[in-house]
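Participant: These protein sequence lines are chains G and L, in that order. Mapping the first sequence onto my numbering, position 325 (from 1) lands on 325, and the numbers just tick up by one. Mapping the second sequence onto my numbering, position 28 (from 1) lands on 28, and the numbers just tick up by one.
Quick caveat, the hints were computed from the structure, so don't treat them as lab data. You can take every hint at face value.
Label pairs and their in silico Cβ distance ranges:
| id | chain 1 | residue 1 | chain 2 | residue 2 | range |
| --- | --- | --- | --- | --- | --- |
| 1 | L | Ala208 | G | Arg176 | 52 to 58 Å |
| 2 | G | Gln221 | L | Pro138 | 46 to 52 Å |
| 3 | G | Gly114 | L | Gln88 | 51 to 57 Å |
| 4 | L | Leu200 | G | Gly46 | 54 to 60 Å |
| 5 | G | Gly114 | L | Asp114 | 24 to 30 Å |
| 6 | G | Asp90 | L | Leu78 | 48 to 54 Å |
| 7 | G | Glu151 | L | Ala209 | 48 to 54 Å |
Reference excerpt, derived from the structure (chain L facing chain G, CB under 7 Å, subset only):
| id | residue |
| --- | --- |
| 8 | Arg116 |
| 9 | Leu117 |
| 10 | Glu119 |
| 11 | Gly125 |
Beta carbons: idealized from backbone N, C-alpha and C, even for Gly.
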Amino acid sequence: MAGPLANHTGDFLVCDCRKRLASGFTLDARVTLPLTGVTVLFGASGSGKTTLLRLLAGLERPDSGSIVFRGRPWESLAPQQRRAGFLFQDYALFPHLTVAENVAYAAPPATAAGLMEAFGLDDLADRLPHAISGGQQQRTALARALAAGPELLLLDEPLSALDAPTRLRMRYELRRLLLAGGVPSIVVTHDRMEAVALGDTLAVMVEGQIRQFGPVREVFQRPVDRQVAEAVGVENVAPAEIIGREGGLLILQVGGARLECVDSGESGSVVACIHAEDVAVTRDSAQVSSARNRLAGRVLAVIMEGALARVELDCGFPLVAVVTAQSAADLALREGEEVSAVVKATAVHLAGHFDAAHTRPRVE
Amino acid sequence: MDWQAIWLSVRLAVSTTAILLVIGLPIAYWITYSTRRWKFLVEALVALPLVLPPTVLGFYVLLAMGPRSPIGALYARLTGGMLPFSFQGLLLGSVLYSMPFTVQPVAAAFGAVDRRLIEASWCLGVSRLATFRRVIVPLALPGVATGAILTFAHTLGEFGVVLMVGGNIAGVTRTVSISIYDQVQALDYAAAAQTSLFLLLISFVVLAATYGLQRRVWGVWPGR
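This is chain L alone, in the form it adopts within the complex (with noise of 0.2 Å):
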C-alpha cells in the first residue's frame, strides 16, 4: 500500500478542516444571519463546488495560482515559491472544494438555535462576538462536528481538483486517490484494491463514528 500517499491525503484533509473551521464559521453565520438582498448570491458561490465538475474548479485555481495571476505573484513575491503543484497550492484548491460541505451544515445548525436566546444574551449587554463564541456555536457543536467530519472525510476521498492543480508528485501532490489511479492505470489491481478498501473503511468509520456520537452525547441536550 502506497502509505505516503495515504499519510498525505490526512494532512491535507487535516489542514483542510481547520482552516475551513476558520473561514467557515464567520461565513456560515453571516450566511444566516445576514438580512443583506444579495445574500443568495453569496450562497450560490459557496454551493458551487456541490455542482461543479471538479475538473472547471480546478481549472480556473490553476489560473489564479498561476504566476502571472496576482495571487500567484504576490504568493512568490512573500515565500519565493509556487502554488501550482505544490501542498500549499493543493490545500488552497481543497478548501474552495470543500466550503459548502463545512459552512452548510454549519449554517443548518446556526439557524435552528433559538433566536431568542441570541436576543437574550444582546439584552444581558454582552456583544455579538461574545454571545457567538458562547450561546451560538455550543449550541450549534453538533453541526459544527458534521461539518468538519464532511469535510475531512470529503477531502480525503478528493480527486479531480488534485490532478489539475497538484499533477502526481510523490510525496508532495499524489493523494490516495491519485494513488489507486496509477496503480489501476498499473494494472495493478491488487494494489488499487487494497488501498481502495482501505479508503473505504476509513470513510465508513469516521462517518458511523460522527453519526453515533451525535446521537449519544448531543442527544441529551433539550430541543434537539
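Chain G on its own, in the form it takes in the complex (with noise of 0.2 Å):
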C-alpha cells in the first residue's frame, strides 16, 4: 500500500461503527476491510454478524460511527444509493417472478441474459422460484444480484438453506461464482468448514466485536485471545503460566503439566492452544522423538467420530486429541488407561487473555 492515506481512500471498506439492539446487545465493529476476494464475517450465532452486514448494506443505520466505502461516506446513504448486492439466508427471490424475470429485476437485458447463461440458468428461465431446487435458487440469487452491477456482494449465511450434500458442493461452486463475479464479497456463516473453503480473509466477531482478521489460515492457526480460539474451534484452551524461557522455547505450566512453545516475547500469564491434530497419542513412553512435549496422562474417553476418534485425556489438564480410527484401535484405546500425548512446540500457540478494556482488535 502507498501509505496511510491510501488506507482510507483506496480500494478499502473502513467500518466503525457502534449499534445498539433492542435487546440490549451492543455492536461496536471496528475494521478495515480490503476490498480483494472474499472476506468471511465468522462468529457464533448472536455475535452480531447478521446485524454487521444489514448496517453495511444500509438496511439498519448505525447509532454512531461511520462506514466509508473506498473513500466515499456511506453510513447516511439509502440502501439504493450504495450499490451492495445482498444474498439473504434464503435467496428471497420475487416468488411472482419467473427465474428470468428475477434476474433482469433491476438490470440492463443484456447483462441479465449473459448472467443467465454464464451461471448456466437458461434452462430454469421460465420456472418460479418454488419450482426450482435450493441450489439453483441461490445461482438465480447471486445472478440476480451481480446482474444489478454491485460494487460490493454481501451474503447472509448463503449455504445455510441447502441439504447437507448440496452444502457441500456449493462450497467451492459459491466461491468459484464468487471470484467469476469479480465483485468483493463479505460472506456471513458460523461454520468453520465454510469459512475455509470460501474465504481469503476471516474476520472473527465475538459479543459484537470484530476481534481478529486476518488470513483465514493465519486466524485459525493463531488465535489472538481466549475467546477467538474457542470461536474458531481449537479444542484445547488452557490457562498457562510462562515460568522460564532458554535457547528460543518458553516454559509454561499449563495445570499439572510442563509445556514448551517457541519464544514470541509473552511472558506471564497466557492461554495455550493446541489443535487436537496436532496431538499425537502413544503408548510407548520411552520412544524418541523430536517432538519437545510428552506428556503422561490418562485416557479419560474414546469418542468415535467416523473415520476419526476423539481422544480425551488427563495429562494435568485435559486434553483432546483427535486420531483415526484405525489409529485408536491398534494403540487398543480404552478408558483409564495410561499413554503418552506427543506435542510439537510448534503447535502450541499462545494466545492473550482478553480483556475488554484496553484489547483492540488486532487490524492488519
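Assembling the complex is the task here: the two chains are given apart, and the hints tell you how they should meet.
Facilitator: Written out as C-alpha cells, the structure is:
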C-alpha cells in the first residue's frame, strides 16, 4: 500500500460503527476490510454478524460512527444508493416472477441474459422460484445480485438453506462463482469448514466486536485470545503461566503439566492453544522423537466420529486429541489406560487473555 | 323494480371503489410500514366508520360540505355547484364511509409480504415507489382485490350516509336502499321484496366470485 492515506481513499471498506439493539446487545464494529476476494465474517450465532452485514447494506442505521467505502461515506446513504448486493439466507427471490424475470429485475436485458447463461440458468428461465432446487435458487439470487452491477456483495449464511449434500458441493461452487463475478464479497457464516472453503480473509466476531482479522489459515492457527480460539474451534484452550525461557523456547506451566513452546516474546499469564489434530497419542513412553512435549496421561474417553476418534486425556490438564479410528484401534485405547501425548513445541500457540478494557482488535 | 336507483347505486359503488383504490393503497402502505408513534391515531380514524352510526358520520359530512364550510365554499368556487344533495356529495360521503373496507384488507396483505423481498429490491437499487409497484402490490393483489370487492358491496348497500348527505332525489341521490325504504313506506311490499332480493343476489354473487377466484387464481402462488 502507498502510505496511510491509501487506507482511506483506496480499495478499502472502513467500518467504525456502533449500534444498540432493542435486546440490549451492542455491536461495536471497527475494521478495515480490503476489497479483494472473499472476506468471511465468522462468529457464533448472536455475535452480531448479520447486524453488521445489514449495517453495511444500509438496511440498518448505526447509532454512531461511520462506514467509508472506497473513500465515500456510506453511513447516511439509502440501500439503493450504495450498490451493495445483498444475498439473504433464504435468497428472497420474488415468488411472482420467473427465474429470468428475477435476474432481469434491476438489470439491463443484455447483462441479465449474459448472467443467465454464465450461471447455467437458461433451462430454468420460465420457472417460478418455488419450482427449482435450493442450489438453483442460490445461483439465481447470485445472478440477480450481480446483474444489478454491485460494487460489493454481502452474503448472509448463503449455504445454510441448502440440504447437507448440496451444501458441501456448493461451498466450492459458490467461491468459484464469487471470484468469477469479480465483485469483492463479504460472507457471513458460523461454520468453520465453510469459512475455510470460501474465504481469503477472516474476521472473527465475538460479542459484537471484531476481535481478529487476517488470512483465514493464520486466524485459525494463531487466534489472538481465548474467545477467538474457542470461536474458531481450537479444541484445547488452557490457561498457562510462563515460568521460564531457554534457547528460544518458553517453559509453560499448564495445570499439572509442563509444556515447551516457541518463544515469541510473551510473558506472564497466557492461554495455550493446541489443535486436537496436532496431538499424537502413543503407548511407548521412552520412544525418541523430535517433538519437545511428551506428557504422561490417562484416557478419559474415546469417542468415535466416523473415520476419526476423539480421545480425551487427562495430562495434568484436559487435553483432546483427534486420531484416526484405525490408530485408536491399533493402540487399543480404552478409558482409564495410561498413555503418552506428544505435542510439538511449534504446535503450541499462545494467545492473550482477552481484556475488553484495553484490547483493540488486531487489524492488519 | 326501480332500475334508475339500481343504476345509480352501481355507479356510486364503482366510483367509490375506484377512488378508494387510488387513495387507499398509499394510506394502507403508510399504516403498514410507518414507525411513527402516533400511527395508532390514524388507524383509529380510518376504522371509525366501522363503529360510528352512519347518521353521525353523515351529519358531520353534511356540515363539512355546507356552503359556509371551507370545503363547501371551495367546491362552490371551483364548480359553481353545491355538494349536499348531489351525486358528488354522495360520493365524498361514501369514500369516507367505506375507507376501512379498502384500507384494512390491503394493509393486512401488505403486512404479509415478506420484508426481505422488499429489502432485496431496495438493495438491487430499485426505489421505494418502484418496489411498491413491482413487488408489494403484485404480492398483495388478493388483499387488494378483497378490499375492492368489499368496498363495492358495502357501498351498494349504503343507507344512512346517503339519507343524511344525499336525501332522496330520483336519478341523483336515490340509491337502491333508499328506494326499498320508500317502497316499504308506501306499503308496496311486492316491489320492496323484488328490489331486496335483487340486492341480496348481487351481493352474494359478488362475494362468492371473489372468494372462489382467490382460491383458484391466487392459490397457486407459493406462500399464500
